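Trainee: For the protein sequence lines, the chains are E and P, in the order given.
So that you can map any letter, position 187 of the first sequence is 187 in the numbering used here, and since no number is skipped, the others follow by simple counting.
So that you can map any letter, position 584 of the second sequence is 1584 in the numbering used here, and since no number is skipped, the others follow by simple counting.
Heads up, some of the hints might be wrong.
Here are the computed lysine-lysine pairs in the DSSO-like style, where the Cα-Cα straight-line distance is at most 27 angstroms [stated by the list, open to error]:
hint, chain 1, residue 1, chain 2, residue 2
1, E, Lys290, P, Lys1255
2, E, Lys290, P, Lys1379
3, E, Lys326, P, Lys1255
4, P, Lys1161, E, Lys335
5, P, Lys1223, P, Lys1178
6, P, Lys1180, P, Lys1223
7, P, Lys1495, P, Lys1061
8, P, Lys1061, P, Lys1631
9, P, Lys1495, P, Lys1446
10, P, Lys1495, P, Lys1379
11, E, Lys335, P, Lys1255
Hint data in this document are derived by calculation from the structure and do not stem from the laboratory.
Note that the structure is a prediction, hence the values are computed from the model and not measured.
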Amino acid sequence: MTANESISWFADIGLEDRPRVGGKGGSLGELTRAGIEVPPGFVVCTAAFDRFIDALEQRAPVRSRIEVLDSQDLDAIGVVSRELRARIEAESMPDELQREILQAHARLAVAGVAPIVAVRSSATTEDAADASFAGLQDTFLWVMQPEDVLARIRSCWASLYSVESVSYRRKQNFPEAGVAMAVVVQVMVDARTAGVMFTRSPTTGDKSVITIEGAWGLGSAVVGGEVTPDRWVVGKITGEIPVRDISDKAIRHAPAPGGGIVDVEVEPDQRTAACLSDDELLALRAVGRKVERHYGRAQDIEWAIDRHSGRVMLLQSRPETVWSNKDTAPVVTPKADPRMHVMSIFGGIK
Amino acid sequence: MSNPVNRGVFSLAKTACEVMRRCRTLGTNIGNTGSTHKLPAGVLMSAQDKAKGFPLPSSVKVVPGTEAAQAAYPYHIQFAPEDDQKFWFYNSMHFPEPMHAFDMVTAEAAYCALGAANTRVHCLPTTLGIDHRIINGRVYIGGNGVTDPAEIERRTVEFQKRAFYYYENWETLYAQWKVKMLKLIDDARALPSPTLPEFEPLEHVHAGRGVASNHDLLVTYQKTIEGYFRMWHHHFEFLLLGYGAYLVFFGFCKKAFPEITDQTIARMVAGIEAEIFRPDEELRGLARRAVELNVDHHFKEGVSADAVLASLSEGGPAGKQWLDSLAKARDPWFNINVGDGFYHYHRGWNDDLSMPFAALPDYMQQVRDGKSLHRDIGKLQEERVQLIADYRELLNSDEERAAYDQMIGLAHRVFPYVEGHKFYCEHWYTNLFFNKIREYGALLSKAGFFPEEADVFNLTHYELESAIIDLMNAWSSGSPPRGPSYWPPIVAQRKAAVAEWAKHDSPPALGPIPDVIDDPAIVMLWGITRESLDNWLTSGDEKNSHEVRGFAASMGVVEGTARIVKSVDEISRLQRGDILVCQVTNPTWAPIFQRISAAVSDIGGSMSHAAIVAREYGLPAVVGTGNATSKIKDGQRIRVDGGRGVVTLL
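Chain P on its own, in the form it takes in the complex (with noise of 0.2 angstroms):
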């Protein structure tokens, strides 16, 4: 099957002419649909819904008794009636299960960072940023598109000013960006544990501070956030710009040589030391050292990492020497969390070895078994120039030779970005954010605010501001803080309607459907195009009913049992050789993929990481398939077609 993400790229370029033979208006008089009535955040759409398109957002309602929670969300993300003009579609890429209030501010400081990259600092010509809104917890967004051409000049003028400066001189950027975000991680890891003494400390007073404690609750609470959001501008410095270089590679590629796969354009370009690969080699290795020291006999399936580390400690010089590895490996490999770090409860392995301790007993097997965890870098890295070579010399003249030695230089030189940003941003940073944040739960629920510390994440960051000035105004006031007897009920509420949610699908878009998606935000982030909305659309249909289909993200055919994980706490549900069926692939679950036999995921695009691990892992892989989650049923025998992109239901 051709790739979307590839179509996406054509329609970039596609002459005015077949955009209108392709024109369909389908207008806004979609109507309201009947069977949101049945099912208020459903998705079941009538057969004449999915002739015409999307429904409105006006038509979906709120789960009825989660009006409450669902007004706690800031008023500026809450569907309005003009919303119903313009084309909408569920992140479920980046948040696949319902929000909770606090974690919305991952969406807010994201798209404010996007937004800000896109509209205003590399001024894309066609694009602007993205807006977002929330219902029954899930994320909507949509893009604005520049059409009218004069204005597409004027900010192509300007782009060319500032996106080719960044081209030009990507390395010394680069390199400062690391300084920066590194800088960034510091100052998030000096800032202080939230605590209000009984009196002052002496050393203070005699300082001549003059702040008190409280005060700090504040202001370390206002640089956490702060940090967060400066953290996302960081986040999109590089983005849209390293993948758009990469993806102008990629398009030639496809028109070049057009049944290239993905994953070979990927290889091509992929970093083979990249940053996100280092925590699961480093598990690797930890696995080696183990059997080295002939310390594995303590790791078992099922023991927990508590009761390993304890009985390590214990072990004498040789659990020492373990234990001292796995010390240097944590700091900061194991800053990466289980899920993509959007999720207050997408805890680091860090937080909680038992994810890397699961896949410790099966490398220290393969060491046993003589396998060899070592990935040879020097050796792929030969096939990789080998395999730019042999693509070169198969291409028609030495003008096109010199075209392509163009565009893989330009994704050669974005690639290290592309890849190594997350382990900065959406791991490490957002761990320690989440945590710090945490230590606020801690502090506020000993003070009575809710029963436990994780019950932080039900209040939206300004309401959280409110608590904790509540809570310094008591201190200083020597009265009890308001929030005990304000906050419990609320807290248990918002849990309520997160939890009912859940059970509840959400439309995968909204609105009307527009002809083209041709922004480039969209396309290349979200790999969403025309043709996959169609099919998204038509994934219902009868004849399609035992097939699901999405990107071939790695090759491979294997058949097996379904195991549905819709959130991070299932994984342990997944038995040896299951296909693991997902919402999002998550390359985090990096450890995770030598238990399973195929991965399929309803959103993704093939230069995912997710598709990068199950390539590295030999797994066959579907990725981006819109429902796989909602039409596969748990348990049911599947076979995943990697190299084609279809997932037959057997």
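This is chain E alone, in the form it adopts within the complex (with noise of 0.2 angstroms):
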């Protein structure tokens, strides 16, 4: 691994790799890491956005166009990233790095039969402001051809001079020398259930639950808010299963024939029945408490079943941020005597 290598696979990274591969990808390589099972990929790191950046500065400026601008003058904003946009969708990688990508995305074939991937743009910073860069949300699923998955990555990388990231940028005067994006390359997961898992209640900050969100199809659907997912409780420790709601999942997210992904309704038996058997959460569970254990603390994780080998595959897990950020005061403290604790019961004290 070096600070300019342009393509990182999973088992190489970590989350100390983060300023290059970004915080999905260095999340993603953790995880690969740590033997939880992810599927597999690599990143195109911010040195490959540089050196795209930089051979399209050869030809015409970007940078310097940016650095100019008003933060408050959103006309010129509008315009700079109309055109900007459009050539970093337009142009051609170098080939180099072309070849580099291409090559690695090859590699993802297995059986050689092409690999079908996701392509999700993944930003270097960490700090609470990520929200206003609209790059983060940028995701392809289902990319078929090799052609699409590089159109793909520049449209990730396009995204990065959206109106609302320049005007952030400019609002906070950041240099655009220090801006940069990495973007993953992953198998894609076809999914027969995903969704999300939180390894503390995102509710009460109940740390001995798990509560686990799901939907027919791929994930998208629940992330998306598209459908009300099924939600269950699991005891962290117990594995009981003391809550379970199955909704009614009318739509569910599946891979479109030529790429990319359409909504398909879901047929009538299977709307209301549950989309994970209860061996499949507490699969779920053993992965959620492994990643928590690995990080230490509360996890947010996106998880897939894969349709064929019936397989818990994790696509996602960052921090819990919002329990975790909290006052926990001590719900009791010790007594001296500790007898004095059966005076909250019949001492009346209030």
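Given two chains presented individually in distinct reference frames, assemble the corresponding complex, making use of the accompanying hints.
Mentor: Right under this line is the structure:
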């Protein structure tokens, strides 16, 4: 691993590589190295982005165009944003970089079958303002052709030049030289069921339960809020399943014939059927505990169950932030005389 | 669903400001309800009543034609006009069926002892004892809270001198308790059967005994009654303190782990070798033994226990060997009754082998199928240790862990009593007690006082003493007793009254609703909180009509046919896979739990033994619903979600 390498495989990277592989890439690498099953893939690192922009700069300026913009002048930002995005999406990558990416992509093939991948942007900033970067949201699913992979990578890069992203950078006065984006290219899981999992309760902060939400098909339907998922609460320690809310899941996200995803109506008898078995819930719990233990803190995880192998795959894991950042005053403090505890029941102590 | 017991615990610690906010002064102007005129013991409250609260005691009328039977109960437990000022609830947890006149002794003795422990012995700071009343055979109870801060403070000083001594010396005092209790049981077993010989035995005369046999009748009777009252004092010697220490830990867990299930907390605390599991374990052992000895073919469904015993005793040495094992298991472990021990007709396994024998064929089949019916104690213990350690690790700080250690330490210390006492008190002793009274029933019925031995339970214990003295006098004077001409019509009338009362539902509560229920005794023993009362009041609403809610007692989701079992006699109606719907689930019904697919009860908390047995069997259970037996129809299809405490009517 070198700092200027353009392609890094999941198995070779970890959280410490986030400055050049982004948060998503670092997390997937970390999970892979921890022995957790993650669909194979690689990161197109920030060095690749730099090489691409440098090539662009040789034809016409890029970074300097941004640095002169006034954060208040949205009209000007809009004009420059449209122009730069169009260039990034249209212009080809340097030949050498393109070859490296296509070679890496080809290595994802299994038994000679061309890989179908997800292309996902992987932002390098980890501060709370992440959400302001429109690029964070860019994910392209079920990408089938190698040339489409290249195009989607450029789309991810282009998202760095969205109006929102640019105006945010101008407001913060970030130097453009430090702006870069990594992109994850990862084998798609043909998910029978997918969803999210929190290793502590999102509603009460309880650390002894795991909340699992899932729906039929690809996880994008759950993450995007297009379907009300089934919901379970699983005892982290006990494995009991005290809460089962099975909802009416009208649609699922499925691969479209030429790539991308489409909404498909769920078969009537499947709509109100639970999308996970108890064994699968317990397998998810086991993975959730493993990831949590690895990181030493509660996690917010995206997962999928492979339609063909039936295996649980993790697509993403990030630290839970809402409850972790709350003050936790002790529920009860020890008493000099342990018997004094009963006064809370008998003593009328308000 | 969160647990009302737990919320009740929190209500104890509520700030004054919160209490004010929640305050709903309902006053006493609820007025008489129209609906009670239609159905004298009626529970059907009008919408207006629901909005306001429960009927007043004075508005509940005695069912016409049963006035004399109602009057037979002692004067001090009849509702009086001033009782309208107070909140009462129907103790259907302990007394789910109308009470025969004699059986009221259980309420009398139990509340006498409970109140003594709370009010005078341990001096609980915020509560005194419990008042009880009876109407239409139903027992209503009401707590006496202490609210004056100065008085609470005064009692707190006393409490800490007394209760804290118990917590400190728990093991020693509990060991002493067992000795005391076994002595009481031995004394009861040693009491002679009441008989009246024609002539005093010659050896009595020659020994200069100086008292005649008719006096023994009175002595044995009075010792029997005295022993029963004494037993209840023993019963309550530790109980509230034990529940309190458990609830401290329970409340802590619910705060530290808001979504922890009640059953998990129970698993952290519950004993693995508690006496209450033993009868069922003995039964499993007997099933294994029968298969080993190759005598299991004698046990077939539908063949009576007597017929099985007869064919076994003719079945050669193997049959004999099994009968020996049975005899060993019976003493003492079959001293368990098929109810809670509060009714004379809840016979013990030893008195009626049909209940344990009904379970044997199923157990034997499981043994033949290669299933181990053995509970691996070592493994269960290891699991418990691990469970406690795993939850401990999740706590936020070492300070919290130190408090957790203190509280679970206290809970472990008290729990052997909380679980163990029931076998000795409610089962073993109570069986001895009612069987002794039955002997008097046999004697009196032979003397013509009433047709059947069990008719004796239609006399109050005061009346029974007078009937015994009647017989004693007749024996001494040589004249016939007066009883045979006096009791038969009264007994007939009372039997009819109990049958009539059973047809009428009773309001779950009476009188003005208190703003908060922070009486620890009520919260701990009955799981009744302000929230559960609101639940009772709204349970008849349209929007909830397809749902019954209660405590989540044992998780799992099952759909099946509801079988309403209102008394023990109806247990045989349960088909394999049925869902048991009863007023109070009962752990001594344990063997039938292998037949059913889920259990639902009107009353009971998640720490009730019933809930524990359901968990042992891995059956979903929802307890403390308030009204499942009236809302669910026999034979109806229902879904029981034991993890959420919801029963859905399909």
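Trainee: Determine for every hint whether it applies to the structure shown.
Mentor: The hints, checked one at a time:
1. E/Lys290 with P/Lys1255: It holds: about 26 angstroms lies between the C-alpha atoms, which stays within 27 angstroms.
2. E/Lys290 with P/Lys1379: Within the cut-off at roughly 24 angstroms; holds.
3. E/Lys326 with P/Lys1255: With a Cα-Cα distance of about 15 angstroms, the restraint between E/Lys326 and P/Lys1255 holds, given a limit of 27 angstroms.
4. P/Lys1161 with E/Lys335: holds (18 angstroms)
5. P/Lys1223 with P/Lys1178: holds (20 angstroms)
6. P/Lys1180 with P/Lys1223: Distance of about 16 angstroms is within 27 angstroms: holds.
7. P/Lys1495 with P/Lys1061: holds (19 angstroms)
8. P/Lys1061 with P/Lys1631: Distance of about 23 angstroms is within 27 angstroms: holds.
9. P/Lys1495 with P/Lys1446: Within the cut-off at roughly 19 angstroms; holds.
10. P/Lys1495 with P/Lys1379: Between P/Lys1495 and P/Lys1379 the Cα gap is close to 51 angstroms, so the pair fails against 27 angstroms, i.e. violated.
11. E/Lys335 with P/Lys1255: Holds: E/Lys335 and P/Lys1255 sit about 18 angstroms apart, inside 27 angstroms.
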